[in-house]
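Chain A is already provided as a structure; the job is to place chain B with the ligands on it using the hints.
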Amino acid sequence: MKPAPFKYHDPKTLSELVELMSNLEDAKILAGGQSLMPMMNMRYVTPEDVIDINGVNELDFIKLENDHLTIGSMTRQKDILSNQKIFDKAPIFREALNHVGHIQTRSRGTIGGSLCHLDPSAEIPALASLYDASLTVVNREGSREIHIDEWVLAYMMPSISDEEVLTSISIPVWKNPHGYAFIEFARRHGDFAVCGAGTLVEIDANDIISKVAIVVAGVDVKPLRLSTLETDLIGKKATKDTLEYACSSAKKIEAISDVYFSTQYRQRLAGTLIKRSLEVAIERARIINNDG
Amino acid sequence: MADNREITIKVNGKDMTTYVETRLSLGDVLREHFHLTGTHLGCEHGVCGACTVVVDGEPIRSCLMLGVQAHGKEVTTVEGLSKGEDLHPIQEAFWKNHGLQCGYCTPGFLTTLFSFLENNSDPTEREIREAISGNICRCTGYQNIVNAALDAAKVMKGS
Ligand code: FES
Ligand code: FES
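Protein chains in written order, with my numbering: chain A, 1 to 292; chain B, 293 to 451.
Treat the hints with care, since some could be wrong.
Capping the alpha-carbon separation at 27 Å, the derived lysine-lysine pairs in DSS-like fashion look like this [to be verified]:
(1) A:Lys-211 x A:Lys-251
(2) A:Lys-7 x B:Lys-449
(3) A:Lys-252 x A:Lys-89
(4) A:Lys-85 x A:Lys-7
(5) A:Lys-63 x A:Lys-7
(6) B:Lys-375 x A:Lys-28
(7) B:Lys-388 x B:Lys-375
(8) A:Lys-2 x B:Lys-375
(9) B:Lys-306 x B:Lys-388
(10) B:Lys-365 x A:Lys-78
(11) B:Lys-302 x B:Lys-365
(12) A:Lys-237 x A:Lys-175
(13) A:Lys-7 x B:Lys-375
(14) B:Lys-365 x B:Lys-306
(15) A:Lys-85 x A:Lys-63
(16) A:Lys-63 x A:Lys-211
(17) A:Lys-240 x A:Lys-251
(18) B:Lys-302 x B:Lys-375
(19) A:Lys-78 x A:Lys-28
(20) B:Lys-446 x A:Lys-78
(21) A:Lys-85 x A:Lys-2
(22) B:Lys-388 x A:Lys-78
(23) B:Lys-365 x A:Lys-12
(24) A:Lys-2 x B:Lys-302
(25) A:Lys-252 x A:Lys-236
(26) A:Lys-89 x A:Lys-237
(27) A:Lys-12 x B:Lys-449
(28) A:Lys-78 x B:Lys-302
(29) A:Lys-89 x A:Lys-78
I should point out that these hints are in silico values taken from the structure, not numbers from a laboratory.
In isolation and in its complexed conformation, chain A is listed as follows (with noise of 0.2 Å):
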């Protein structure tokens, strides 16, 4: 339970980062170390070299323009967890982010450190996705945005290359104000979960739904967003019936199964799931009418 041998790097700055990253040829880079050091302790990954990115300040920032949120990949879950912007403008994150892990985890844990590992029930991928976030890496030529659709290639394989380095994540907010929700289901709270599901409501005066989005984390490789259905639900009246169709619905995304939970079982926790959140964030978009 001792990682094997490497050397270690620490650059301060990006650019001496992405230099390191062209030159060596089995390097992986330690951000909070809450996936990568578990294996490396376990010796599933044995790198030559590690390249630990805690001191690289420029990727550890919080920025709010233009109802664009950006943070940087060394963003610690704590501190997003924490921070009143991101309350503000995307209150999901706090309800989401209180999921990954347990405390201590969510001390060292990064932003970029779960979108890199990508775990398939993780929440921040489901944010990410949830949101249409875009990912911004760079390499020694310079940089490309990605949106997270096409950073997810398969399980647990983001679309990266072993000379590139993830530095932010950008996410457009929303401007009304709205309801959300981030549900899931664990066998204890902060494992990893069977399934979440997390939704974003507009309702108007009438009680119709005039904006959705809804993920769904732990049926697929990859976060899922229910395009269909949102589709279906704009210009639905948020009534019980409402929500038991996006329950039945949500019921037929094909899902994953393994030896500890089958297809089936899947489906209906999504289908419950979703239907919860949607519940609980239509309730709170009528709050937010109310008071506004």
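Frame of chain A, contents of chain B with the ligands only:
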């Protein structure tokens, strides 16, 4: 070929310097280089919470942080909680409530609750349970740990 570095960490208020292999976890540095064996390593892959120590005010898993990463930082281990013979209120409360049996998990619970209660003076039982959800205890069944935490919160608030 081993990759070594000299590091200095402020442990429980005292600067400590050593020469370590860079792949050594902070937990191992504390135990093997500084002989502070109060920090226990259980699973060594971030699951059990026994290895929790407080780094710059935040509880972290010392099996998932390298010793070199703690260079220049302040670390509080379970040894740093009491003032000489005087137990910290959390330790006192664990003792009174029978919050430990074998004691293997205890340093991790104490350090986690230490930093949690410093920042949350009036926690509910639910909040306490959430705070310790990353710590596993195979003996107590948690009930007495939660009781101890509630007691300690009262004492710390009053002081
Ligand atoms: S030893 Fe670190 S979490 Fe178990
Ligand atoms: S007291 Fe034995 S594991 Fe907790």
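For this session: Against the structure, test the hints numbered earlier, and report the numbers of the ones violated in rising order.
Result: 2, 3, 4, 5, 6, 8, 9, 13, 21, 22 and 27
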